[in-house]
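With chain A's structure known, arrange chains B and C on it following the hints.
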Amino acid sequence: MIKIESVTFKHQNGTVALQNVSLEIRTGEATAIVGENGAGKTTLVKHLNGLIKPTEGKVTVFDLDTKQTTVAQLARKVGVVFQNPDHQLFSETVSDEIAFGLRNFGFPESVIKKRLEWALEFFGLTEYRDSSPMMLSGGEKKRLCLAIVLAWDPEVIVLDEPTVGQDLVQKEKLREVIKMLLLRGKTVILVSHDMEFVWSLQPRVIVMAKGRVVADGAAAEVFSRPEVVGEANLMKPQLLELSVHLKNPPQKPFADIYEARQWLVSSVSR
Amino acid sequence: MVGQQCFEVVAGMQWVSSGFIFRHMESPVHSLDPRTRLLFAVELFVLALVADSPLEVSIVSIVVVSLAIVAKIAKRLVRTMSFTAGFAVMILVINMLVGQPLVYSIVLAIRFIAIVGGTSLFFLTTSPDELEYVMKWFRLPQDMVFAFVTAVRFVPVLMLDATQIMDAQKSRGLEMQKGNFIKRIRNFIPVLVPLVVTAVIRSGELAEAMESRAYGAVKKPSSLYALRMRKRDWATGAISVMLLVVSLYYFLVIAPIG
Amino acid sequence: MKPLIQVQNYSFTYMGTSRPAARNVNLEIGEGEIVILAGPSGCGKSTVLKSLNGLIPHLYSGSREGTVIVDGHDVAETQVSEVAKKVGFVFQNPENQIFMFSVERDVAFALENLGFPRDEIRRRVDWALDLMGIQRLARQAPHELSDGQRQRVAIAGVLAMTPKVLILDEPTSLLDPLTARELVLLVKRLHDELGITVLVVEHRLDLLAGIASRIIVMDRGTVAMDGSPREVLARKEALTIGVGVPTVTRLYGLLTDHGLNLGQAPLRMEELAEAVNRLVP
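Protein chains in written order, with numbering that gives the first Met the number 0: chain A, 0 to 269; chain B, 0 to 257; chain C, 0 to 280.
So that you can see chain A by itself, here it is in the shape it has in the complex:
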């Protein structure tokens, strides 16, 4: 459980990146943070594992005040997958890369072995276990970065722009991983520009603009508010757009294309 209480963050040069943000993120919830570049999304995310401490206000992660806790302690619980894999891959082999985090967190070797095997298998990286991470393709590197974090089994998983440069198949796989995490009771926080991807998860949506939270609620509700969509430079997800234009609209917007098919087929044949 994460509690953000009236957090303001100012950079050294005085620019305000976050302005009086208060939020609560509950266990097992899927949350998407959206908004234009420079709205403060990444700054907010960095507060969650203590990389940034609030200038004013308080962030509590599982009852730990981030100001009094080290990044390592927090990272064990809140795993952040950053956007650019080249900013973190350094080991000689893919296995070492995954084991790095586990060793840092002091897991016993037997556990490390088990977790490593699981991660390699689950993300289809077993055949590359002894290859250099630098030799992987862009999509594989992204998958490896996800494997690295999930290997230490954090309670909260933060994904920063996970779909950038990913093709349809890779996005589909990512969606499955997120669904699996949610089923296992994990908390997933997604930062993304990809409204279609966000919509497909039907998460709670937090909209940020100019360092403030301007909307917070269920995806269908938030994206239906034109003033929010306008202020934060968003775009309406296509399925929501469809629901609006139908002569025979559904009670709530379609979550996915299969739901849409069912409704449309039945409404046509009625």
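Some hints could be false.
Listed next, the in silico DSSO-like pairs over lysine-lysine satisfying Cα-Cα at most 27 angstroms (straight line) [stated by the list, open to error]:
| id | chain 1 | residue 1 | chain 2 | residue 2 |
| --- | --- | --- | --- | --- |
| 1 | B | K177 | A | K112 |
| 2 | A | K66 | B | K177 |
| 3 | B | K177 | A | K76 |
| 4 | A | K209 | A | K9 |
| 5 | C | K235 | A | K178 |
| 6 | B | K135 | C | K84 |
| 7 | A | K9 | B | K74 |
| 8 | B | K177 | A | K52 |
| 9 | A | K2 | A | K209 |
| 10 | B | K219 | C | K163 |
| 11 | A | K76 | B | K182 |
| 12 | B | K219 | C | K84 |
Stretches of chain B that chain C covers, calculated by requiring three or more beta carbons in the stretch to come under 8 angstroms of a beta carbon on chain C [as the list claims (entries may be wrong)]:
| id | region |
| --- | --- |
| 13 | 210-218 |
| 14 | 221-233 |
In case anyone wonders, no lab produced these hints; they're calculated from the structure.
Every residue gets a Cβ at the ideal spot worked out from N, C-alpha and C, and that includes glycine.
Using the frame of chain A, we list chains B and C on its own:
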């Protein structure tokens, strides 16, 4: 915490280098041709070398500071000079330890401050753009000039990369301050390797983009702007040369007799 | 009329690799087209793009077969700087293609390299800045710009050479949705005003499909599909290959599979809604 320290070192470097980094401003000094300003810097350098009494080197330092005030960069110049003051004290102490007279040591120390001040006066008032034009004016090879431009242009970008890399590795539980000395050195590997990799990737992309923008197409590239000496450049240049001659005459001829 | 770009039986294998990155590619692109080059990661898109402006084989070596001809010139036989005047290449990350300390000097970069006289550089820089709507940013430094503005500077920097073809490599992937949409509209406007031929690589097609005259899909190094957006995106192979088919077109596919007659494939939700509304009793 070493991790924190490392970050502070980066921040500190930014702070010190901010004494050298140009900022767009308007002042009588900024509006001069960069070559006139370069002339000032050279003249101050010569004066500082020639001045050989505490009074003389102090006068040169005061000239540097006065010019900085006219250029509205006094605060940042003082910041740079206060940083060099440490070195100046070192020079003073070392010279006294090896048995040089006190007066001579003081002159050396102040001379050092004056030289650094005069040089940074030039860099603080000259944009990288102007610097590039001055380099071209000296007919330095195009590749060398461009290498300089890219280096300056990408310093802040690499700094940002470094911060992001440190953030990413700390998020994987890397504690840079943990362990004995050897371990702490090893803790830098997860930061240094991605930094090098990112820099190599960037340089590859830069090379592609340079090729695609016709870099090296003709031997002598043209330019959007040209340096132009205006009346006031010639006038201030001439006056400064006259002042230099008078000072040299005083420092070298009158003062030694007096 | 001869096509502007002709790729004939073209294959390329990077030095040090065994698998060809492009295999027997055949393409023709006419003047004034807006073409999307799509396909999964590693399908050979960027190899083809780099072969069009001469980075391959001039910067990257490897073994090569077939020919790439742009505006009557064999790219492999022409200097990159010559090709650059015809093919403007905007890379994915604008950060790594803005070299100079001010916007106007950066836009002038290629013109300076080509040795244009000063007044001609001035004229063209002002023209390109004006066209991209960034005249007021002329004196700004690159780090003072937003992502969308940087993207515009990068485009202005190649437009200043007045190329016949504009190549954009994943131009919207780093932008927020609205900035991305503005960029797409801008590309459309450039095409309409200048008659420039546009070739875009993109994963997300929901924005771009609407302005494109054609989509070429590559898979495993070769051209797998080629046709109008409506035709290509509605085909089953587009999904199996891994093309970023817009949600609306995927839904259309599901509905037609179910026997609904919705006419031609839609690219916007309004179109699909209209088609469905017509069927509702």
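Hint-by-hint comparison with the structure:
no.: 1; hint: K177(B) / K112(A); in the structure: 24 angstroms, holds
no.: 2; hint: K66(A) / K177(B); in the structure: 19 angstroms, holds
no.: 3; hint: K177(B) / K76(A); in the structure: 20 angstroms, holds
no.: 4; hint: K209(A) / K9(A); in the structure: 13 angstroms, holds
no.: 5; hint: K235(C) / K178(A); in the structure: 26 angstroms, holds
no.: 6; hint: K135(B) / K84(C); in the structure: 25 angstroms, holds
no.: 7; hint: K9(A) / K74(B); in the structure: 24 angstroms, holds
no.: 8; hint: K177(B) / K52(A); in the structure: 21 angstroms, holds
no.: 9; hint: K2(A) / K209(A); in the structure: 21 angstroms, holds
no.: 10; hint: K219(B) / K163(C); in the structure: 26 angstroms, holds
no.: 11; hint: K76(A) / K182(B); in the structure: 25 angstroms, holds
no.: 12; hint: K219(B) / K84(C); in the structure: 18 angstroms, holds
no.: 13; hint: 210-218; in the structure: holds (count 8)
no.: 14; hint: 221-233; in the structure: holds (count 5)
Checked against the numbered hints given earlier, the structure satisfies every one of them.
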